[in-house]
Amino acid sequence: MAVATSEAVEVVDLATTSVRELNQRLHDLARTPGPRLWRILNPNGAHALACGLDADLEVEIEGHVGYYCAGMNKRATVRVHGNASTGIAENLMSGRVEVDGNVSQSAGATGRGGLLVVRGNASSRCGISMKGIDIVVGGDVGHMSAFMAQKGCLVVCGDAGDALGDSIYEARLYVRGKVAGLGADCIEKELREEHVAQLRGLLEAAGIDADPTEFRRYGSARQLYTFKIDNAGAY
Amino acid sequence: MTPGVRHPDVSERGDGQPWNLRESYLFPRPVIAEIQRAAREGIYDIRGFGAKRRLPHFDDLLFLGASISRYPLEGYRERCSTDVVLGTRFAKKPLELAIPITIAGMSFGALSAPAKEALGRGATEVGTSTTTGDGGMTPEEREHSKILVYQLLPSRYGMNPDDLRKADAIEVVVGQGAKPGGGGMLLGHKISDRVAEMRDLPKGIDQRSASRHPDWTGPDDLEIKITELREITDWEKPIFVKVGATRTYYDVQLAVKAGADVIVVDGMQGGTAATQEVFIEHVGIPTLPATRIAVDALQELGMHRKVQLIVSGGIRSGADVAKALALGADAVSIGTAALIAMGDNSPEYEREYRKIGSSAGFYDDWQAGRDPVGISTQDDELAARFDPVVGGRKVANYLRVLTLETQTLARACGKSHVHNLEPEDLVALTIEAAAMARVPLAGTDWIPGLERP
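Chains as they are written, first to last, in our numbering: chain A, 301 to 535; chain B, 182 to 634.
Extracted from the complex, chain A is given alone in its bound form:
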């Protein structure tokens, strides 16, 4: 349990409370004041947990969560002390989502801001269509990660699967381990001082101890930005 403070913690047991009731109580805090610290017990893989929050909350979820946990989150910090299924922190706007374990596909998909930290591995399509979110993965990411990634940073401390950054736009990808293969229009780029500084900041924010100079940077070759018939073979 990561909430270490004397402030009162609101405890909700999903064995006896519905997801709907929990989410409604959390949503009401966008308009009316209430407890800031929340501890959720027995999530048992429930879907759409703590999605759509819009308040300065800290929500600790004690166990595994299903699809779309903390989806479209604004301002709140949501920590999952377990694994997460598909679409954790999808379309994250701001705030922070942390997962102690592994996450399934499409982690941080289309996220527009905020920080997603995965301490374990992330499956395929991590950071798909990301639009400004920063994602830090302590382990590996699966294939097609950062597919059509538009903005933001994906930091992978382990290895990346095949077709990394396929059809990438302006997102930055940092990988410490091996890359199984780069997708269309994704190339390795020089890791300059500004990138090391950015990476150091992201790793620090994520609370992951890694040397930023050990990473390689990948990004868009910008060859597919305008459709040219000579590139047809790239698709």
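Hints in this document: simulated from the structure, not taken from any laboratory.
Hints may contain errors.
[Stated by the list, open to error] Partial chain B-side listing against chain A, Cβ under 7 Å, derived: (1) R337; (2) M340; (3) P342; (4) D344; (5) D381; (6) I386; (7) D387; (8) I413.
[Stated by the list, open to error] Restricting the straight-line Cα-Cα distance to at most 25 Å, the calculated cross-link-like pairs of lysine to any residue (SDA-like) are: (9) B:K487 with B:D401; (10) A:K374 with B:A616; (11) B:K536 with B:E458; (12) A:K451 with B:A391; (13) B:K384 with A:E488; (14) B:K347 with A:E362; (15) A:K451 with B:R393; (16) B:K384 with A:R522; (17) A:K374 with B:E321; (18) B:K347 with A:V319; (19) A:K528 with B:A549; (20) A:K451 with B:D344; (21) A:K451 with B:D343; (22) A:K451 with B:N341; (23) A:K451 with B:H463; (24) B:K274 with A:T332; (25) B:K438 with A:V319; (26) A:K528 with A:D485; (27) A:K528 with B:G385; (28) B:K273 with B:P400; (29) B:K347 with A:G334; (30) A:K528 with B:D344; (31) A:K489 with B:D387; (32) B:K384 with B:D226; (33) A:K528 with B:H463; (34) B:K274 with A:Q324; (35) A:K374 with A:L314; (36) A:K528 with B:Q457; (37) B:K273 with A:Q324; (38) B:K438 with A:T332.
For each residue, glycine too, the CB sits at the ideal point set by N, CA and C.
Put chain B on the given structure of chain A with help from the hints.
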């Protein structure tokens, strides 16, 4: 030969070509032109508008007006209601529309900001909804649309929880009739600073959106996605699911299973701002059979009228509206027709169309951003030609005419609500339409494909 009387030149056909020249059926002049264009440019043809080929459509159906066995309603005296409620299944706040005609999703990006505003003004004036598009919600369209449906598309450009909550309904777009299985497209010359910012894209690039949603695949995932959208919006908003018409029977049943409040089926005549010509003309099924199949799928589940059905794709007149409703749709959507109502393809602009190699009635280069009317453009100068107040009034007028026409036909069939129109009121003019709409060929009791008792 009588002097002064001009005799037809028998050596020439009506089109000025000599009789001894024979044009190929397989390779007529438009096909030759396209082959040579492809050889010259090396890229497929991208255009706007919808399918231009002849297809079985609502034109191929006729109403059986009332006579001795049925009695009609008085045209100007007896009420024929047109209201429709969408989203009665799960949403706390269903949409209450005054007419069964809505404005389909068209993006800011594809259309200029004044054009989007005009659609909102027109729809609002007659009490119906308008829809965002692949580019997010603009404050202008929210302000001018009393009832606004917010689309969740594969690209998720501009998607955010605040706009979800500001919306009156949410439409999960799986596909569109012009390109079922294809993603959005917006070519570089329409990616202005504002469009680029809203979509988090570099300015001026050719934007080709994803064709699949980034965080769900298949009906089981869709069910969870819909649950998430409901949770984020506290179960207030109706959730629409829009599909391009292909395997409509399965799509409709799976959308019901996934928890949709409303299903939108867009036939292959549905318009687009930019799609490959080959896609527009060769993928999907027409709106006519799609409507019938969708209704069958709902009826089989006992969900007809419980999950509302909106059909779109080639709706132009009150006759089209009435026939779609008679086949069992709860409402229809218009896109292309609304743009035409606002002035698209108007002969008034013939000289301008000629300058860009087109002609009024033919213009379909909506992807190019050079629309002389100022609708399908992001060029400020062109967009400024379009007056959103006047445009809005035209949209409202057109929607009123569609409604009056629909009521006229419904009254003639003796119906006090347009939803009381039924397949029994229809016959088909062609064997194809009879088979597709499953109504008898006119003058017979024959419905091809249906076993006779």
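Structure-based check of all given hints:
1. Taking 7 Å as the C-beta cut-off, the interface hint given for R337 (chain B) holds, the closest approach to chain A being about 4 Å.
2. Of the supplied interface hints, the one on M340 (chain B) holds, with its beta-carbon coming within about 6 Å of a beta-carbon of chain A, less than 7 Å.
3. For P342 (chain B), the suggested interface contact is upheld, since its CB lies about 4 Å from the closest CB of chain A, less than 7 Å.
4. Annotation: D344 (chain B) was flagged as interfacial toward chain A, and the flag is violated, the nearest CB pair being 10 Å apart, outside 7 Å.
5. Satisfaction of the interface hint for D381 (chain B) is found here, the shortest Cβ-Cβ separation to chain A being roughly 4 Å, below the 7 Å cut-off.
6. The criterion of a C-beta within 7 Å of any C-beta in chain A is met by I386 (chain B), whose closest approach is roughly 4 Å, and the hint holds.
7. Annotation: D387 (chain B) was flagged as interfacial toward chain A, and the flag holds, the nearest CB pair being 5 Å apart, inside 7 Å.
8. Interface hint at I413 (chain B): satisfied, since its Cβ lies 3 Å from the closest Cβ of chain A, which is below the 7 Å cut-off.
9. Taking the CA atoms of K487 (chain B) and D401 (chain B), the gap is about 21 Å. The hint holds against a cut of 25 Å.
10. With a C-alpha separation of about 53 Å, the suggested pairing of K374 (chain A) with A616 (chain B) is violated against the 25 Å cut-off.
11. Distance restraint check for K536 (chain B) and E458 (chain B): the Cα-Cα separation of roughly 22 Å lies within the 25 Å cut-off, and the hinted pair is therefore satisfied.
12. Note on K451 (chain A) and A391 (chain B): the hinted pairing holds, with a Cα-Cα distance of about 16 Å set against a maximum of 25 Å.
13. Under the criterion of a C-alpha separation no larger than 25 Å, the hint pairing K384 (chain B) with E488 (chain A) is consistent with the structure, at around 23 Å.
14. In summary, the hint linking K347 (chain B) to E362 (chain A) is not supported, as the alpha carbons are separated by about 32 Å, beyond the 25 Å threshold.
15. Proposed proximity of K451 (chain A) and R393 (chain B) is supported: the alpha carbons are some 19 Å apart, at most 25 Å.
16. Proposed proximity of K384 (chain B) and R522 (chain A) is supported: the alpha carbons are some 12 Å apart, at most 25 Å.
17. Between K374 (chain A) and E321 (chain B), the direct Cα distance comes to roughly 24 Å. Compliance with the 25 Å bound is thereby established for this hinted pair.
18. For the hint pairing K347 (chain B) with V319 (chain A), the CA-to-CA distance comes to about 23 Å; that is within 25 Å, so the pair holds.
19. A threshold of 25 Å between alpha carbons decides the hint, and for K528 (chain A) with A549 (chain B) the separation of about 16 Å falls inside it, so the pair holds.
20. A C-alpha spacing of about 21 Å is found between K451 (chain A) and D344 (chain B), which places the hinted pair at or below 25 Å, so the restraint holds.
21. Proximity of K451 (chain A) to D343 (chain B) is assessed by CA-CA distance (about 20 Å); at most 25 Å being required, the pair is judged to hold.
22. With a C-alpha separation of about 16 Å, the suggested pairing of K451 (chain A) with N341 (chain B) holds against the 25 Å cut-off.
23. Simply put, K451 (chain A) and H463 (chain B) have alpha-carbon atoms about 35 Å apart, too far for the 25 Å limit, and the pair is violated.
24. For the given pair, K274 (chain B) sits about 22 Å from T332 (chain A) by alpha-carbon distance, which is consistent with the 25 Å threshold.
25. Taken as a hint, the K438 (chain B) and V319 (chain A) pair is honoured in the structure, with Cα atoms around 21 Å apart against an allowance of 25 Å.
26. At most 25 Å may separate the alpha-carbon atoms for a hinted pair to count; K528 (chain A) and D485 (chain A) meet this at roughly 13 Å.
27. With a CA separation close to 14 Å, the supplied pair K528 (chain A) and G385 (chain B) stays within the 25 Å bound.
28. Taking the CA atoms of K273 (chain B) and P400 (chain B), the gap is about 23 Å. The hint holds against a cut of 25 Å.
29. The straight-line distance between the Cα atoms of K347 (chain B) and G334 (chain A) is roughly 24 Å, inside the 25 Å bound, and the hint therefore holds.
30. A threshold of 25 Å between alpha carbons decides the hint, and for K528 (chain A) with D344 (chain B) the separation of about 36 Å lies outside it, so the pair is violated.
31. For the hint pairing K489 (chain A) with D387 (chain B), the CA-to-CA distance comes to about 23 Å; that is within 25 Å, so the pair holds.
32. Taken as a hint, the K384 (chain B) and D226 (chain B) pair is honoured in the structure, with Cα atoms around 23 Å apart against an allowance of 25 Å.
33. At roughly 24 Å between alpha-carbon atoms, K528 (chain A) and H463 (chain B) fall within 25 Å of each other, so this suggested pair holds.
34. Note on K274 (chain B) and Q324 (chain A): the hinted pairing holds, with a Cα-Cα distance of about 16 Å set against a maximum of 25 Å.
35. Among the hinted pairs, K374 (chain A) with L314 (chain A) is consistent with the structure: their alpha-carbon atoms are about 23 Å apart, no more than 25 Å.
36. A C-alpha spacing of about 15 Å is found between K528 (chain A) and Q457 (chain B), which places the hinted pair at or below 25 Å, so the restraint holds.
37. The suggested pairing of K273 (chain B) with Q324 (chain A) holds, with an alpha-carbon distance near 14 Å, which does not exceed 25 Å.
38. The straight-line distance between the Cα atoms of K438 (chain B) and T332 (chain A) is roughly 36 Å, outside the 25 Å bound, and the hint therefore fails.
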